[in-house]
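Go ahead and model the full structure; you've got the sequences and the hints to work with.
Order-wise, the sequence lines are chains A and B. Take the first sequence: its position 408, counting from 1, is numbered 408 in my numbering, and each next residue is one higher. Take the second sequence: its position 90, counting from 1, is numbered 90 in my numbering, and each next residue is one higher.
It should be emphasised that the hints constitute simulated quantities derived from the structure, not laboratory data. Where a beta carbon is used, it is the ideal one built from N, C-alpha and C, also for glycine. Wrong hints could be hidden among the right ones.
Said to hold, decoys possible - Label-pair restraints from in silico Cβ distances:
| hint | chain 1 | residue 1 | chain 2 | residue 2 | range |
| --- | --- | --- | --- | --- | --- |
| 1 | A | ASP284 | B | ALA38 | 16 to 22 Å |
| 2 | B | GLY40 | A | ALA29 | 18 to 24 Å |
| 3 | A | GLY282 | B | ALA38 | 17 to 23 Å |
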Amino acid sequence: MTPVFRLCDDYVTRWAALDPVAAGMQGLAGVFGAATDYGPDGFAARAELVTATLEALEPMSLTSDADRLAAGFLRERLEAQLAWHRSGEPLRLLRAPIGLVSVVRDSVDLLPRDGDDGWRNIAARLAAIPVMFASWRASLDAGLGQGLTAARRQAVQAAVAADHCVGSHDTLVAAYGDGPLAAELAAAAAQAYRGYTELARYLREDYAPRATEVDGVGADRYAVAARLNLGADIDFKEAYEWGWAELQRIEAEMAAEAGAVSPGASVEEATAILNESAYVTGEDAYLAWLQDRHDWAIERLDGVHFDIPAPLRRIEVVLARGSTSGAAYYTGPSEDLSRPGRTWWPLGGRDPQGRFQTWAELSTVFHEGVPGHHLQVGAAKTAGDRLSRFAKTNFVSGHGEGWALYAERLADELGWFAEPGTRLGMLGGSAFRAARVVIDIGVHLDLPLPDGSRWSFERACEVLSKSGRGEPHRIEAEVVRYFGWPGQAISYKLGERGWLAARAEAMRRPGFDLKRWHTAALSLGPIGLAGLADALAGADLNV
Amino acid sequence: MGEPSGPAGPCCEGGPSDATALLAGAITYALGACAQVAPGEMTRPTPCTDWDLAALLAHLAASMSDLESAIRTGHLDLDLSGPQGPDVPDVPGGPGPAGQAAAGDLDGGDPLETVRDQAANLLFSCYAHHGPGRFVLVGGLPLPAVIVTCTGAVEIAVHGWDVSAARGRGGPIPPALATRMLGLCPLLVASRAGLFAPPVEVSPQASPGDQLIAYLGRSPAAPPSPFGQPLRTRPPQTPRARGNCPSPSTPLALDRVAG
Chain A
1 MTPVFRLCDD YVTRWAALDP VAAGMQGLAG VFGAATDYGP DGFAARAELV
51 TATLEALEPM SLTSDADRLA AGFLRERLEA QLAWHRSGEP LRLLRAPIGL
101 VSVVRDSVDL LPRDGDDGWR NIAARLAAIP VMFASWRASL DAGLGQGLTA
151 ARRQAVQAAV AADHCVGSHD TLVAAYGDGP LAAELAAAAA QAYRGYTELA
201 RYLREDYAPR ATEVDGVGAD RYAVAARLNL GADIDFKEAY EWGWAELQRI
251 EAEMAAEAGA VSPGASVEEA TAILNESAYV TGEDAYLAWL QDRHDWAIER
301 LDGVHFDIPA PLRRIEVVLA RGSTSGAAYY TGPSEDLSRP GRTWWPLGGR
351 DPQGRFQTWA ELSTVFHEGV PGHHLQVGAA KTAGDRLSRF AKTNFVSGHG
401 EGWALYAERL ADELGWFAEP GTRLGMLGGS AFRAARVVID IGVHLDLPLP
451 DGSRWSFERA CEVLSKSGRG EPHRIEAEVV RYFGWPGQAI SYKLGERGWL
501 AARAEAMRRP GFDLKRWHTA ALSLGPIGLA GLADALAGAD LNV
Chain B
1 MGEPSGPAGP CCEGGPSDAT ALLAGAITYA LGACAQVAPG EMTRPTPCTD
51 WDLAALLAHL AASMSDLESA IRTGHLDLDL SGPQGPDVPD VPGGPGPAGQ
101 AAAGDLDGGD PLETVRDQAA NLLFSCYAHH GPGRFVLVGG LPLPAVIVTC
151 TGAVEIAVHG WDVSAARGRG GPIPPALATR MLGLCPLLVA SRAGLFAPPV
201 EVSPQASPGD QLIAYLGRSP AAPPSPFGQP LRTRPPQTPR ARGNCPSPST
251 PLALDRVAG
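Given below as structure tokens:
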């Protein structure tokens, strides 16, 4: 192991000890502890680790391409993280519906359940939830004391998310059965529920009155957040204008595609037709449909368009009943591959025995599964000694979400949207992501809409609904998410743009082969968008 | 519609922030009770005549939605002549057949999710739209927004207790919250006719939560009665901005306070 690879390994090990919740989410092997310290000291310790690692990296000599790739990625990520720490964000880290509440809650579901030791760890994590939230409250209080306040909307919505979590571990506890740890697990779950309840009370009654009414974070904070999510510094005004143009382009394509559903139909009419014809009934049928489509995609890809390593040829589909996340998401396999890659599908308040529309979901299957996140994250996890441990266990949203959105486009190129309406569903998803670009940049930088008006929560919901074609039950939660998580929502479309540009560049070279290019691209592991094109240009296409 | 201006009313003398704090406490308590509800419990009877848990939650969500609209817009429409559910009986306090989401399965989804979402919207609006001189036009008459907010807080808290009682637990309203509400109730509950059963007698040593519940016509110790049997208690109701209201008759005491 070279010094750079050793530094990466050391960093991951130390970081995991300082943030065991995130370490488990990212599939690191080993048991690092039950609780993450979300208090000021905890954040400070992680910032110190980042600083020390950057200092250690600086004088290192790089002796190979793998070294240079590892060092470049480590430096880029840690510099972005350090800027985030230094801007005071840890003391106002309050976002919903995807935030610390959902991370802590969902982390329990991802803990191994093998044997009594595994279940003891689960009990310990559950019992530690009140302590973790108490430490988080200490950070938020410190932020309030320093004038670093989160938005009131996020406080109120995070309280809802916390309330939502009460009772959400019952299924897990019941899965253990009546073994010797049953009482301990039940008591731990009760402790966790008290933690959620107290957190909800704090956010609603203590924090919200003192929070800021302003949703947008402004140019300075947005630049830091966007860099963290994209791995690049970009021209936001150019991206904003591109987002509106992209939205228009997709709208035109959707209008044309609606005619394929029913001649002369508008998008709204086609949607209504599909909602009444392309669905399955009941969550069991929904789960079976999802698993079948995941399996189908792997079967179609493997050996033809990608060579998928054996451990990655199965994706576990999970209905995420207790999750507050609102949208489907992916969790990668563990380092030792004992935990499979999983896609999670929140029911989002839908009736478990009711209809589940499938026509709009197929594209998300390709996004979360293959050729999307599972293929990309899995490729890194199975890269052997070509990638550092840091690269195998980290993720750049612009790169990863960009790839996943590119994967939806690739599925279209492969003719996979043959079922009625599924291509319209893919385009709808693309419009949704384009709407995110204009909302996120527009709100946080206070840029005018094309008609000269200004953004508000209601206006953002309107744009996401009408132009982004969002499903009604997702609109408000989505907009809350963009308002509270600056720079993340743009990573999908801008990432896709980066991938498409890199591929277009590669295709201009003689002898271009798509399968080899994909393989080479994924072999690089995660990388910031700023370095993506250069890295791909220099990638070894014989991998 | 322009908002009238003037001094705040006698209720919630601490001002808008105290009223919002009262509301936040009520929401915390009510959502805590709701969090205990399992999907299979929606058909349980509640202390409210003819309402099962699903109907009670639907009513709670709709009340929150109306209150949010009132706070945000400064206007509460008491016109109850809108569309009625086909099976909603014209009975004060009666939402319709047991199990029917009478008032507000607002988005057709999980009733608990709907309650949570409406609670968040309501609280956010109260924080955003409360000011010392803010009034809400209720049926054309201006009421200080703090009174509207405090009234809503009492309703939300007592329905939280109803939810808890429906599950047989009767989780108490926190003493501090109940004490503050007890002090306000005589101002808010100006008349009981058609709204509340007479106060239930409880020991002077009863907890503030039990005293509050008893004041609003509920028996802290009595389990919910099964449907079809008349109860001595009846739920309070906020004004409804839309039709399909469980109580097409006299809404809560807001109009009387204004009068």
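Whether the CB-CB distance between ASP284/A and ALA38/B falls inside 16 to 22 Å: Holds, since ASP284/A and ALA38/B (Cβ atoms, about 20 Å apart) stay within the stated range.
Distance restraint hint 18 to 24 Å, applied to the beta-carbon atoms of GLY40/B and ALA29/A: violated (39 Å)
Would you say the C-beta atoms of GLY282/A and ALA38/B sit inside 17 to 23 Å of each other? holds (19 Å)
Checked against the numbered hints listed earlier, the structure breaks hint 2 alone; every other hint is satisfied.
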